[in-house]
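Position chain B relative to chain A; hints supplied.
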Amino acid sequence: MRPLRDAQLGAFTFFASALPHDVCGSNGLPLTPNSIKILGRFQILKTITHPRLCQYVDISRGKHERLVVVAEHYESSLSDFQKQGKTVSPEKVLQIAYEVLEGLDFMNKHGMVHRALSAHNVLMDCKGNIKLAKFGLYHMTDHGADVDFPIGYPSYLAPEVIAQGSFHPSDPSHDEAPLPSGPKTDVWSLGVLLFEMCAGRRLLQNIDISERLKFILTLGNCQTSWRLILCVTNYNCPCALQELPENVLELLRKCLTFHPSKRPTPAELLGDPLFNGVSCLYTPFQKVVSLFSSSLRCAHLELPEDISDLCKDDDEDYLSERAIDEVYHLWCLAGGDLEKELTNKEIIQSKPPVCTLPNFLLEDGESFGQGRDRSFLLDDTTVTLSLCQLRNRLKDVAGEAYYPLLEDEQSSLPQSNSSNELSATVTLPLIIRERDTEYQLIRIILFDRLLKAYPYKKNLVWKEARVDIPPLIRGLAWAALLGIEGDIQAKYDSIDKDTPIPTDRQIEVDIPRCHQYDELLSSPQGHIKFRRVLKAWVVSHPDLVYWQGLDSLCAPFLYLNFNNEALAYACMSAFIPKYLYNFFLKDNSHVIQEYLTVFSQMIAFHDPELSNHLNEIGFIPDLYAIPWFLTMFTHVFPLHKIFHLWDTLLLGNSSFPFCIGVAILQQLRDRLLANGFNECILLFSDLPEIDIEKCVRESINLFCWTPKSATYRQHAQPPKAAGDNGYGKTATYYSSDYQDMPKTDLSREPLALSDLKAEVSPRVSAEDLIDLCELSPGGSTKRTKASKPKIVAVDIRSVEDFSRGHISGSINIPYSTAFGPDGEVLQCPAAGALQNFRGRVIVSVSFSHCQHTAEYFAAHLVKVNFPRVCILDGGINKMKPTGLLTVPSPQI
Amino acid sequence: MKKNKGKVSSTAEKEFVFEFRAGKHNCVLKVPLQFPVQENISDLHGRLMLLHKIPCFVEIELKTSLSNFIEKETIQDFDREAELALQRLTTGEVDINQLTNAWAKSYAETTLEHARPEEPSWDEDFADVYHELIHSPASDTLLNLEHNYFVSISELISERDMEIKKLLERQAAEMDKVMQELGNTLSDQDVNAAAAQHFEAQQVLENKWASELKQVTGIQKQEYQEWVIKLHQDLQKSNNSSKINEEIKMQPSQLSEVADSGARLYEEQPQLEESFTIHLGAQLKTMHNLRLVRADVLDFCKHRRHGSSGAKLRRLQTALSLYSSSLCGLVLLVDNRVNSYSGIKRDFATVAKECTDFHFPRLEEQLEVVQQVVLYARAQRSSKQKDHFHITLSSAGTAASLCSLMESSACLSQGEFYITRHSNLSEVHVVFHCCVDDNVRSGNITARDPAIMGLRNILKVCCTHDITTITVPLLLVHDMSEEMTIPWCLKRAELVFKCVKGFMMEMASWDGGISRTVQFLVPQVRAECTMCDFWFHNS
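As you go down the protein sequences, you meet chains A and B in turn.
According to UniProt numbering, the stretch in the first sequence is residues 1 to 892, in order.
According to UniProt numbering, the stretch in the second sequence is residues 1 to 539, in order.
FYI, nobody ran anything at the bench for these hints, they're computed from the structure.
There's no promise every hint is true.
[As the list claims (entries may be wrong)] Some chain B residues near chain A, calculated using beta-carbon distances under 8 angstroms:
hint, residue
1, R47
2, I75
3, T100
4, W103
5, A104
6, Y107
7, H114
8, A127
9, L327
10, I419
11, H429
12, V461
C-beta atoms are modelled at their ideal positions from N, C-alpha and C, and glycine is treated no differently.
Only chain A is shown next, with the shape it has when bound in the complex (with noise of 0.2 angstroms):
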């Protein structure tokens, strides 16, 4: 969006039509409300930039559906010139004809038209530019149907608009809609607004409506209805007409055409040769390249000769160079409240809901002896929310925080007085993060440079976004997190969306069942653009179908990408290989099975005690974690939890799920415990409130926890090509997949489902044994010993094999002694030091034809709650050619 610059936040309200009483929809379900449609199509007004209009914000719902919408604002419009009464010169009305046009027929080009263009809608910046305001009104309002009030102004109605009638929604006699209007009614209102800047004076003001429209109409007779307005008006100076130069009086009487067949279009009329002497002052405007597009985004970046005049004035004010959302967003979190704005200028005012009541209720819910309440009425006045407390809030905030330098990778903060404070906020909660203005500052206007300079500064959106992701840009963010580049338009519009395919039925179904309680995928236009989404990610996807819980994982996306469909199909299209490779699978069962298998070893492996009382009643994942899994916990959670679960589950590899699985369970852990299937089963049908930020914190920690190789799956996505990414991502520790590394003989080797369902402790890799238990030939690590979990190396082979070579550090508890009869650990020395490594990871080593003891061991400690058991996969004789083993030396 464009930066604020002189420009302010203007707000203004009006309320929906409220729904008839019990009245269905087509599909059984409940009417959509009027404000949530209004809401949904207000959207893609926030991508309609242009300097000759008003930028839309933001639009939000208050009670009783009402609606505030907030834009770009200017206090001055064109109805100062009629205040003062003055006349306007011929070449500043060809201006601002030529700017107006510009503005609708840019508007035109997205299929939009103004038709309530007034006076005091067409504002004027400081340099006395024209910025029309108000301009979606018409096309967020279904064309005027989901409002009581006519859009438009009775002396600028056009006569086509009035012939075609008003349909006031509580008129039951209308049936239908009215009609909706072309681009060419804006040129007779424009016509009638040049009018008035050449008289000096408003038309018709003194008359009423009804008799207004009627003269309007009744100039369909003459053929120069300019002149006729002139001669009914009485207009006292009819030579100051007649003074006006020939290209103006040619404007008024192209506008002023009474039949819309004749009258030129607003494109038509800018490419008049009456606007010759003034076009040629202005450049056509460039439409500002969005981030992932073929074209180049840099090509029209102009420098001056001088680098340093754009540093040249000093006390620049940096705020109004952010763009408009920004500030506005920041504005909110300063505690800007838009009800309360508008209250404060009374355009608000409501009544004490207890003088409203109604008298009477039928049964069919129709109310009455209820009187029409005046504080519904239409007031559109635009109130100028005041910037203020913003700016003191923010005048702390040094001028260098307004543009880091993102060249030195050690210290982004900027270094200001205030970093000190920036720091300590860092460790504050994520909620209070997000709700502090001058984080938010720093970190959006980060991230905003972070992401100009994609992909080129993936690294540090990598890095910051460990710290948090602002919620301004998460949308943006998560597609860099994702990888994605390239032109993901061209490719999205080259999908097949339109075509029936035999999913869209069931897509149907789902649609109006996911999220909904979310404004925007509740509205038709969020139904239209989930369809589409959906129905491009099926085409584009023969290999795999569409499974019920695909819906929800789109939702968080399209969410955030809402007015940029295609980076909500790209952004999905790279998360679902990532995280849930071949789940959607006509038969996935396969891939679904082992998934679940090693999700129940995570549980044995961090939790024994959970683990073995929910395996003993039988409450196993296939029963309740198809569903998290599937749809990446997106059918489970609200959309506000999701952001910041997946804020961190973007940056993990594809084992993360597991750990917030049971990071889930762990938190509903004493319930879990204490209850037996049935109540199991009915605490997880509706699954109760989960802190999600707990949540987080702790599926790090097991993650932290849990080595490489031990939730490899062999149905998950194989090593991609190695060097696709030319910017090199350094892949962490975390971030990485097993799957990626470089396959080795000490790797895992894939294991038949049956065997790995009979295993209740996972494998790991010799690989990860040797690199955790710091076994490397080299004898030195590249990582720090606090990122990674402490091991110990349980021996249960004889003592005879022990001694004949083992692994340095590992406990020797042969198999045979290790338990008694009951199945408790057996005191001997060997087993107080495996209670004293208890909470470590505990690897089980046998030999590999007798693997079978080790996992019998594992059992054996998961049963007796020994947390963080595994087996080494494939046993000592995967250690033995790796020259890795030791044998003591004899004792002395």
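For chain B alone, coordinates are given in the frame of chain A:
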């Protein structure tokens, strides 16, 4: 309402033709397009490229020509429609006066700029003033004043009760005497005459008291409102409000003494109650409070005399929230007549009269208005039905049946309800008088029962009018009878609870999930333990 959107009627298919040269071949692409074009042009373009295997070197050309074509045709469509509309006017198909009047009407009814200026309303001004005062230090004084007035009404009522009681005793004695003489000196006729005379005397006495009460409350209300307005003016005038604060503070001490001495004692049954917090919703959960209360429905209306501190707090709470956006409502189950002559309606009216309502009209006046509104609603309905089904009233037959129709139209049917507003009840601002018939006492009702739908509509009004606490009779009855067995109770409670829970989830989509309190009321006699059992199973 909008059955077929006008756009549908004007769809038309047009053919887009695109020619290009590929090598030596001249290729022509013809695509039928539906106008107005709903789909995205770049999508359409992508699909054409894919479907017809268009070579990529004409990709851009195709796109511009496609969008030009669509733009041109759309403009033509707009023009045609517009010209048609104008033509209809010139041909007289549409009346110009009607048209412009409709426009003028919709501007006048929906926009502030063109709406008629609002006539000042005493009620709302008073509401503002009161709301301001009750949230100021003057609240204490207001409450004390209200209480003072209440005490004097109470005194009147007890005097009335005493007098009526005396009359009844005297009449009973007389009647005894008459009965003894029956057959001897007096005939049946004499007994009847005596009884009639007694009845008349009662009526006279009651009427006398009723008019006196009405007069006193009228005076009280007027005094009170004048005083409130004056206090507000005084407060506004003097910026150094300390003196007035002083004045305000002075009053209560002397008042409270009077208050205590005049207190009438009410026997009070201990309320049994239990609260729960529930989370509704699949993914996003909204929190609501449920409370199961064993009490009489009128307990929420009656002012409790003793333990005055708690009572006072409750009064303050009710007064504070009167003009706020967190109101308290109560569902009262009534029969199909709008009056206060019998049963629970009479009891409720008695309670409502115990204390002057300083803000809203008296209950009788409100009910009169309701009666008129009901008649109006019926008239509206029947005229609408006439439109729809061409049923005229004349077909209903003779004047007699018309009369009975009028008669019956004043009655409510099941599930309909009227609303009264009160400032003088202890915990309730709004009372929903929901009509139920005897069927709910005996029969097995379903979720589609009118009474349940009435509950849904009540909750909807709660939504639109910020009633955040609502009390609902869990069993849809106010008193228990023999045939209401425990299984019956459980079944009924489950039905009502499940339905209300469903409506609350529905409400979340109406108002964005505002947290609410729903109190479920269980009549006094039923053993609570079973209810609680039920409760745990469901929540």
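Earlier hints that do not hold, by number = none
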